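**Q** Here is what each chain is made of, one letter per residue.
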Amino acid sequence: MNPLGLIVLPVIGAAAAALGPARWAKWTAFVASLAVFALSVVVAVQFPEWRTGNYWPNTNEGGALKAFGVNMLLGGDSVNMLLLLLTTFMMPLTLAGSFTAVTEREREYYGWFMLLEAALMLAFLSRDLILFFVGYEFTLVPMYFLISIWGGQQRRAAAIKFFIFTFMGSIFTLAAAIYVAARAADASGAWDFSIAGLTKFGSESLSNREQFWVFLGLMAGFAIKTPVFPVHTWLPLAHDQAPTGGSVILAAVLLKLGTYGVYRLALPMAPAGAVELATFFGVLGVLAILVTAMVCWVQTDAKKLIAYSSVSHMGFVVMGLFAFNPIGMQGSVMYMVCHGLSTGALFLCIGMMYERFHTKEMDAMSGLARHMPIWSTFMVIFTLASVGLPGLNGFVGEFLCLMGTFVAEHDQPAGYPGVMGPWFAVVAGVGLILGAMYLLLLLGKIVWGPLKVPGAHDDPHEHAHGDKGHGGLPRDLSFREIAILVPIAAACLGIGVYPKIMLDVTEPSAANALVAFPEKVNAWNAAHGKTAPAKVALQAQEVSR
Amino acid sequence: MTPLLAQAGLTQGVTVALVLSAALFTIGLIGFLVRRNMILMFLCTELMLQAASIAFIAFGRMREDTGGQTFVIFILTVAAAEAALALGLVVLLYRRRETLSAEAWQELHE
Amino acid sequence: MTFAASMLAHSLTLAPGGGGDAAHASLADAPIVAATADPSLAWMGWVLALPAISAVLCALCAAFRVKNKLPAICTVLALGSAFALVLKLYLARGPGAAPVTVHLWDWMNFGWGGGPWKSFQADVSLYIDSLTLLWMLFVTGLGTLIALYASEYMEAERGPGYARFFFGVSVFLLAMSALVMADNLVLLYFGWEGVGLASYLLIGFYYRKPSAVAAAKKAFIMNRVGDLGLAVGIWLIWVNYGTVEFGALFQAFDDAARGVGGWDRSLIPFCLMLGAFGKSAQLPLFTWLPDAMEGPTPVSALIHAATMVTAGVYLIARMQPLFSLHPDAMATVGWIGALTALLAATIGMAQYDIKRVFAYSTISQLGYMFMGLGVGTAFGAAYHVFTHAFFKALLFLTAGAVMHGFAGQLDLRHLSGLRRVPGFRIVSWTMLIGCLWLSAFPYSAGFFSKDLILVQAMSSPRFQMLGWIGLGTAALTAYYTFRVWFRVCAGPVAYAPGDEDHGHDDPAHDAHGHAAHGDDAHGHDDHGGAFHPHAPRLAINSVLLLICAGAILAGVPGIQALRGEQNWVQEMVSNSSAVRAAGVDHVTEPVAFGMDPHKLVTVFGTGACLGGIAIALWIHLLDRRMADRLRTALLSNGLTRWLPTSMENKWYVDELYHALFRLPAWVTSHLLHFFDRHFIDGLLVNGLGRVPVAMGRLFQPLYNGALQGYAGTMAGGLVLVLAWVAWKWLGATGGAA
Amino acid sequence: MSPTPTFMNAPLMPWYIAAAIGAAGLLMVLRPGRAAMRRAGAVIGLAGFGLLLAESLKLAGPADQSISTPFMMAFAAVGVIGAVRVVTHPRPVFAAIYFILTVLAAAATFLVLDAEFLAFALIIVYAGAILITYLFVLMLAHQSPEDEIGHIGAEDYDRVPREPFVAVLLGFFLLASLGSAIERGPELARENAAAATARLAERKAEAAKSMPRLTVALPEGSNPSDAVSNVQMVGLDLVAKYPASLELAGVVLLMAMFGAVVLARRQIELGEDERRKAAGMGGMVLDVPEHERGGA
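Chains as they are written, first to last, in the numbering used here: chain A, 1294 to 1838; chain B, -6 to 103; chain C, 406 to 1142; chain D, 129 to 424.
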């Protein structure tokens, strides 16, 4: 089974949607994305390396693009597969969610969407750095058009800011990657951009100083994409202005490109640099969690609130990644997937509401539980998933990320020392409280309270009579909309109840990503005077008893 | 100490040709910048093409390679084509504004 | 009266049994029996599954707009079956069996080597010992009864709201069962937050009332503060002991008792404590519970009186092996409990809303339980939890019946003489039982359980102060409890209907009658004519009687304990992880006033109870205007004015938290928002974006459309490149040449 | 010599100075009016150029018998004078004629540099065809041969140079950099003259083999490759080495011809209605801005 089909099929879908008749475009794209999902499921079922952390297919055949060390190497390990499935799962739902929202220039809209999927597939499937970068950067183009054509009032500004901001960071990422490749080429005599090879070279052969700069360069792009706290300001704007489908994919998948990059490239390629900068990024993660959570709390626009909450949530992922232990690492991979589901679904919900009322102002509405009970039910479910309620998906990732941070001390006996430690986790843990504060504020303002429907003039009960709401949509969710949200809700609940299925498959991959770390962390800690392994000795003694 | 140019096999004649080429190119550039007449600006670019041709010939002579001369033929071709098109355009522009001054078309910069 | 009290004390102190002493001595460092895995008990998983199924069915009922009582039937059946299962297990095992674990399925379970510190194992598995069973028995039993009660109480909501209510109850039972039966701290955390969710959903049941929404949010967020403490505690435990499973932890604690611990080990109980205080509404985090009374009354009875709020007690009892290693933590628990008990009682004295009075009494009684844990009698605490569950549920259910009958009227100034109102006789008399039990009337179950705690406190010189606080609180408790009963049930018949406005989920329902806002809460209320109280019917009355019987029977173990016989509550506690605090110290030498602790508590406890009741009788029944006069007198005196003012305003704790936390957070958030928008985004990001624009402006004159400008730039660039290249060569080879 | 030369101690310092002198002279020539000043400028400029030549000769190798240095220098001087006049002459027609002078000088240097074919091709194509076109167009454009003041045919925009100082400064830097390049550039080649000569002989022999007819009349004992002329070499190069480029050049010329024809066609100004009719859009309203409608 060649995963190339996963890239080609969306491209074909894009072409079919863009070239076919306008009234078929959405169905073409929807069917194509369903086919991609089916194909990805087939690939996932055939994927033999779920429990090993190996890449599959693991050939070194160059394929058609063999030039300058760029190989058409496709494949992935279990984490790639998870993110791939997340993408293909969310894509048909997102497209179906756009059926009534997008009524003009449909062919372009759905064409761009399928191209976006192709680019994402390429990014998640490539085992070659340049290929990854091509996919990574190409996502910007469809997204740029999606925002700037189908967006809100300030769509131009938002699209430009999104494009330039993220692109600017990516330049440094590319530069750092090419530096590593060039050094590797110097050493071996031939260019080779394979991620595995460069990772091995980078972690083993680069000096600490080089790794520091390489890591900083790689993070420049990934941190902006993630986004990490001070470079996050493109996200609320882009989310706010993007059409619903764009927001969903942006939150669900595009942001994961950043953290995936950290996970797959930045950390393993420059471990010494990562260790050197872990405290810095840990502080940024804490700031992201707290500051943006507080900013969320004073938002008046529902979509902006969720956009800021994305920044806050991605802060947990960053913390988990920089914990340098399997707990945090697996927690952040979990959280990537789970955040994609719950926040994507929240954007879908807000979009459905927006289609009916044409406003996202929280003060304009209230008590919709009475007006739209089904919608409210889903809203509550996804909000609670986002809050991190145990039993739903958000909890596992959040808990493990924070726990990973907590145990990331220099002398902890898990075999994976870290540089952060309890204080980071405790301070970031305040984010749990703040998260509940702003998300319940959202619920309290929109879902609960006395009924107030935007656009209804005097009598709030006027609309209770008609079955039809605004824009030809039913008052509450239509069957199509319910069918979109139910699979996501089921996935949220499923992951929350049985996360083992994901923890098992991320385990070996996380171990691979961490292989260089204990040694580097110990070296760093020793250089910073943190050598007393008192607790380790003590606990070893207790274990032996 | 052997003169630097001599080390590379540059004889006096070739050196003079290269200096001429440099001077012509520079003068052509200056001419392009100081002239306002569109036709003369084109003429100055021709001057720069001349300079390039001389350099080609000189280096070809230095390396005893006729490739330089062959290239000059192509330069001639390009110059001829350019002259035909550019002059056509200039005439067109002149008919619109009744002047050859390049500044008459300054508002095109948007 | 004094004579009677001393007689009582005499008769009760005759036999503080020697057997108890022996049993206690053997308990002091009794090992915790290691748990064994018992896959044959996998059917206990149904205790979790049944509420889950019921929740799903209720959700389906809501989705399909079922208008009948199907959700209630599902829930009652499911909870009843769960109770039957628990009972079956209890009968099969008896109170003294060794703990077992039942693995259901893997949950958060992964590792990088295996063994402590090399793996993280938090599965959905059950740890069943007698403490679990004790809790499960009253959780599922009371859950079933209260669900039955609610099936009638919530009738007016039939439709989606009805299903939503029973969905919440089912979710609560699921989460509470998981909390109590969890075999690891993370599953406990699941239950911990799950009950918080159920509480959130049910407090906000009448979601059209902004106050209910606010109360729900407040409850969830304050619980989250505690949950953070619990989470930090869990992490600390893993860091220090390498596991979060109770079985392994208890062994590790035993080892640790001999070993040395770092400073962070002694922090663990304080973190767990924070969680417990949040859930059980103790001193720093208690203000959510009174507000939670916005929920329907069965919810108040079940969640906010009988079961959920005792989760904190359960946690500390469960982690007793850890707490017993840290005397400071134990003392903190005791002091917090005692202070909360006193503070809540003072507030409860000045409230007019019946449910709020009972809410503060709940906080106060929970304070007693924590005091019991702190002074070292998990048995007393657990027993108090047990008795309190019955009599407090009873009180809330009677309050609910009143509320139900009088259109939401709960102000004790507008209700009087209910025992003479037709149909309210059972309510009045069961309420009297509840009040007597709450005020620890001698020979009531509440008396025995409170007695155990106070005796333990008095026995230890360290905690004697707590004992006195507890006794003082007991007097206040008796006063405010009977203040309610004398006001509401006794005296001449007089009442005014409330203005109850239940939210309805059913849109068709409000399609016709919302012009007159809120009077259709009870469709049969005769709004135009005289108000007729709506007497409770079979379900409510039978549940009241059943729980009343339970409350009376709950005293049996207390009598046994007094007589030194082994009683089943003590047996159950002593066969659990709380074994080290399963007994009560019986110091026989006098500690104060020449009396040994037991006699001291009996005499003073009885006195406090009777004194409180007497004062209540005087100023709230015999001379009702006396209370107002007293209040006016206190208010008119500048020196005492603070007392009623503060008590009525709940000691301004809400305002204090607002000023200390919410307001600064609000201001900071706005500042940060401003900072984010205008400094980070505006100045840094957009500013950086303007740099190229500004540079463009700088060079713009070159691009004014004149051809030469462009050419000049081009040439300039060419020159720069050429110069750079030449300079490089000059630098590289010029020296050598 | 210092291993890390700075600008001041660079070996090219005299070259820079010479270039500066030349630039100053050119600047003086460029200023309109003040004939004396311009003459002085011409002298200074020429002196600068002479200095340039002298300086470069110091660096250069020995004189080559086949290239006459004095001739080269004379032609160079003529070419530069012509070029300067192209740049400075106020009357476009004269400027074009001076350009012919430069072309002639360049052709002469070609001759000296053994590129006979190119020398004549240059004269024929440049001076004969291209420059005549320029002159033709110039004359077409300039209908006023004389005005009252006496500046014959000189429009203002021809008389007043545009930003001469900046332009000359730029030119100076360019020349200075070019000097460095001339001096240093050949080092990259690192090829001595002998090797080049040998290669030429080899190529000539090859050419001789491929053109046996031409070697028939050679006197006995002479090397057939000596008879291979410059024209033959260039021709062989064109058809044997760069045939594709040759074809492309043809295409370029063809396209240029098309372009010229199209541009010329546009000069037939039609009225708006006629244009519409021609475009088959008789009834439509076109929103054409005023200045777009042609200068008729």
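Hints may contain errors.
[Unchecked claim] Listed below are the simulated SDA-like cross-link pairs for lysine to any residue, each with C-alpha atoms no more than 25 angstroms apart in a straight line:
1. C:Lys523 <-> A:Lys1597
2. A:Lys1793 <-> C:Asp511
3. A:Lys1597 <-> C:Pro938
4. A:Lys1823 <-> A:Lys1597
5. A:Lys1823 <-> C:Ser671
6. A:Lys1793 <-> C:Pro938
7. A:Lys1793 <-> C:Pro521
8. D:Lys369 <-> B:Leu82
9. C:Lys472 <-> C:Val461
10. C:Lys614 <-> A:Pro1747
11. C:Lys472 <-> A:Phe1460
12. A:Lys1793 <-> C:Trp448
13. C:Lys523 <-> A:Asn1818
14. D:Lys186 <-> D:Ile209
15. A:Lys1597 <-> A:Trp1716
16. A:Lys1597 <-> C:Phe1080
17. C:Lys523 <-> C:Gly499
18. A:Lys1493 <-> A:Gly1482
19. C:Lys523 <-> A:Pro1743
20. A:Lys1745 <-> C:Asp904
21. C:Lys523 <-> A:Gly1482
22. C:Lys523 <-> A:Glu1812
23. A:Lys1793 <-> C:Leu1068
24. A:Lys1597 <-> C:Leu1068
25. C:Lys614 <-> A:Asp1594
26. A:Lys1597 <-> C:Gly1110
27. C:Lys614 <-> C:Val1090
28. C:Lys523 <-> A:Gly1748
[Unchecked claim] Here are a few chain B residues that sit away from chain C, every Cβ distance over 12 angstroms (derived from the structure):
29. Leu26
30. Arg28
31. Arg29
32. Val71
33. Tyr87
34. Thr92
35. Ala95
36. Glu96
37. Gln99
38. Glu100
Keep in mind that the hints were calculated from the coordinates and are not lab data.
Source: prediction; values computed, not measured.
Quick reminder that beta carbons are idealized off the backbone N, C-alpha and C, glycines included.
**Q** It remains to establish, for every hint, whether it holds in the given structure.
**A** Here's how the hints hold up against the structure:
no.: 1; hint: C:Lys523 <-> A:Lys1597; verdict: violated (41 angstroms)
no.: 2; hint: A:Lys1793 <-> C:Asp511; verdict: holds (6 angstroms)
no.: 3; hint: A:Lys1597 <-> C:Pro938; verdict: violated (50 angstroms)
no.: 4; hint: A:Lys1823 <-> A:Lys1597; verdict: violated (42 angstroms)
no.: 5; hint: A:Lys1823 <-> C:Ser671; verdict: holds (22 angstroms)
no.: 6; hint: A:Lys1793 <-> C:Pro938; verdict: violated (55 angstroms)
no.: 7; hint: A:Lys1793 <-> C:Pro521; verdict: holds (19 angstroms)
no.: 8; hint: D:Lys369 <-> B:Leu82; verdict: violated (35 angstroms)
no.: 9; hint: C:Lys472 <-> C:Val461; verdict: holds (17 angstroms)
no.: 10; hint: C:Lys614 <-> A:Pro1747; verdict: holds (19 angstroms)
no.: 11; hint: C:Lys472 <-> A:Phe1460; verdict: violated (57 angstroms)
no.: 12; hint: A:Lys1793 <-> C:Trp448; verdict: holds (22 angstroms)
no.: 13; hint: C:Lys523 <-> A:Asn1818; verdict: holds (21 angstroms)
no.: 14; hint: D:Lys186 <-> D:Ile209; verdict: holds (23 angstroms)
no.: 15; hint: A:Lys1597 <-> A:Trp1716; verdict: violated (30 angstroms)
no.: 16; hint: A:Lys1597 <-> C:Phe1080; verdict: holds (16 angstroms)
no.: 17; hint: C:Lys523 <-> C:Gly499; verdict: violated (37 angstroms)
no.: 18; hint: A:Lys1493 <-> A:Gly1482; verdict: holds (16 angstroms)
no.: 19; hint: C:Lys523 <-> A:Pro1743; verdict: violated (52 angstroms)
no.: 20; hint: A:Lys1745 <-> C:Asp904; verdict: holds (22 angstroms)
no.: 21; hint: C:Lys523 <-> A:Gly1482; verdict: violated (41 angstroms)
no.: 22; hint: C:Lys523 <-> A:Glu1812; verdict: holds (17 angstroms)
no.: 23; hint: A:Lys1793 <-> C:Leu1068; verdict: violated (42 angstroms)
no.: 24; hint: A:Lys1597 <-> C:Leu1068; verdict: holds (22 angstroms)
no.: 25; hint: C:Lys614 <-> A:Asp1594; verdict: holds (23 angstroms)
no.: 26; hint: A:Lys1597 <-> C:Gly1110; verdict: violated (43 angstroms)
no.: 27; hint: C:Lys614 <-> C:Val1090; verdict: violated (43 angstroms)
no.: 28; hint: C:Lys523 <-> A:Gly1748; verdict: violated (58 angstroms)
no.: 29; hint: Leu26; verdict: violated (5 angstroms)
no.: 30; hint: Arg28; verdict: violated (8 angstroms)
no.: 31; hint: Arg29; verdict: violated (8 angstroms)
no.: 32; hint: Val71; verdict: holds (18 angstroms)
no.: 33; hint: Tyr87; verdict: holds (15 angstroms)
no.: 34; hint: Thr92; verdict: holds (14 angstroms)
no.: 35; hint: Ala95; verdict: violated (5 angstroms)
no.: 36; hint: Glu96; verdict: violated (6 angstroms)
no.: 37; hint: Gln99; verdict: violated (4 angstroms)
no.: 38; hint: Glu100; verdict: violated (6 angstroms)
Violated hints, listed in ascending order, are 1, 3, 4, 6, 8, 11, 15, 17, 19, 21, 23, 26, 27, 28, 29, 30, 31, 35, 36, 37 and 38; each of the other numbered hints is respected by the structure.
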